[in-house]
Amino acid sequence: MSALAIIAATIIGVLFLGLLARRGTVMDLEQWTIGGRGFGTIFVFVLMAGEIYTTFTFLGGSGFAYGHGGPVFYILSYGCLAYVISYWLLPPIWRYAKQHRLIAQPDFFAHKYDSPALGVLVALVGIVALIPYLVLQLKGLGIIVGAASYGSISPTVAIWIGAAVVTAYVMVSGVRGSAWTAVVKDTLILTVVLFLGIYLPIHYYGGYNAMFSAIDAAKPGFLALPAKGESVAWFDSTVLLTALGFYMWPHSFGSLFTAKDERVFRRNAMMMPVYQLILLFVFFVGFAAILKVPGLKGPEIDLSLLRLSVQTFDPWFVGVIGAAGVLTALVPGSMILIAATTLLANNIFRAFHPQATDATVSWLARLLVPVVALVAVIFTLRGGTTIVALLLMGYSFVTQLFPTLIACLLPRNPVTKEGALAGICVGVATVAVTSLTHTTIAQLFPSLPETLRDLNIGIVALVLNLVALAVVSAVTRRRPAYA
Amino acid sequence: MSLVKYLAALPFLGILVGVPLLNRVEPLVMGMPLVLAWIVLWVVLTAVIMAIVYRFDPANRDNAEPRV
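From first to last, the protein sequence lines stand for chains W and S. Counting in our numbering, the first sequence tops out at residue 483, every number present. Counting in our numbering, the second sequence tops out at residue 1068, every number present.
Honestly, the hints are just simulated from the structure, not real lab data. Treat the hints loosely; a few may be bogus.
[Said to hold, decoys possible] Below 27 Å or equal to it, Euclidean Cα-Cα: the simulated BS3-like pairs (lysine-lysine) are: (1) K219(W) <-> K297(W); (2) K1005(S) <-> K219(W); (3) K260(W) <-> K98(W); (4) K98(W) <-> K1005(S).
Here the structure is a predicted model, which means the values were calculated and not measured.
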């Protein structure tokens, strides 16, 4: 049970850090959600990095490497392109938000397009996309606690415990707690992942060369992209889709408001790609597991890292790995919960009750924390999909905001608010229908050539989104008086 | 800056065009499958490219006029 004891101690420590972080600041809405817009380069870096290194990378990344092989390399690629985009995308957003004292993503859209309805729509899209993201963190917590208890705590109980901890954590501290814990978390996860990624391949195979040769011999071609399915067409479309969607998440958008000045983002754009390389070691762990803990299928692939760890190490060290894993779920989980509840209270409730005071909205946001957590628990317990599949679904949703955002940053916005509403609605509806019915392009258009059939379905939604955006904008654009 | 910023297009070419062309396991490069080593190379190059862009961007000088 010593593994569980270490994890429990970590959780208590984190709650304590959250309480400490809260002292000395009056928690109004702006403090609670964006830390009063006073964080410097390092803090914003850590906060944004903290969101990227989530359970998704730790368990999902290693699991995807284990179960899918070469296609996992998309995770290393999209961040890189997203950072290049961020250099030019984030500063103008930050400037505008600061000038108008905006605290959330929907405020930005509503303000730019002068349309409260658009703000409500963007808030809804954000909440819909955040739920699978929160579900995958809870799923990860469940897997970790389950594995670290060596089966004595059932996954269901573990998920409930995880949800309770995230809820308590968020209600206690808000975003300042996230930033402090993120520092601890990133140090721990960095150490653990580097160690596992170096030790396991050497311990079991004698080195990387030997490991990859052994895998290639056992499963020829598994380490590259396959000719069908997750092929090069899937890779390119998925990388592009996720790179565009990277900063469209309400919580990423929200954390960029925490920066003190805009140069923070440009500096991060050159630092973050290197930070990405940690992912490499996560992949190595997944690959090492292929021949050592064979036979995990479907959603079980997410267990590969922990199965291999339990097989290799003493319980106390499994506890340390588990503690790192718990933090990678807690920090992003808390950011997501804050984002979702702020959206509900500030952007949906307030849109319909404009006379509500800041105090009421702030109070409501905190009250909604356990409610949203409960919804996520319900979805988590229904189970069935892998961590990566959940994240890709969320990405398909948020990427639908990208065209509207880019348009409003242009010197003369060609898109009308009706066009923006129509584009987002069409895009999101397409994603919803295709993911509920599990449609792929190959099923819709079986006669297409192989390359097009493997495209990520989110691209179809994005194309339809653009068409609706262009057509409706053209129809509703106010004609100049002389025309 | 005017020309330097076009360097930022290179990571897109390297990854979106390069990966389909070099989608192979053999030969292993630095112990890694060829396609993975290629992506790692581009991650590092992206950081270098963005550092060059940052260096030449007038918006990052201390008394810079805010860009429009």
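Hints, verified against the model:
no., hint, in the structure
1, K219(W) <-> K297(W), "holds, 16 Å"
2, K1005(S) <-> K219(W), "violated, 42 Å"
3, K260(W) <-> K98(W), "holds, 10 Å"
4, K98(W) <-> K1005(S), "holds, 26 Å"
In terms of the numbered hints stated before, the structure departs from hint 2 and from no other.
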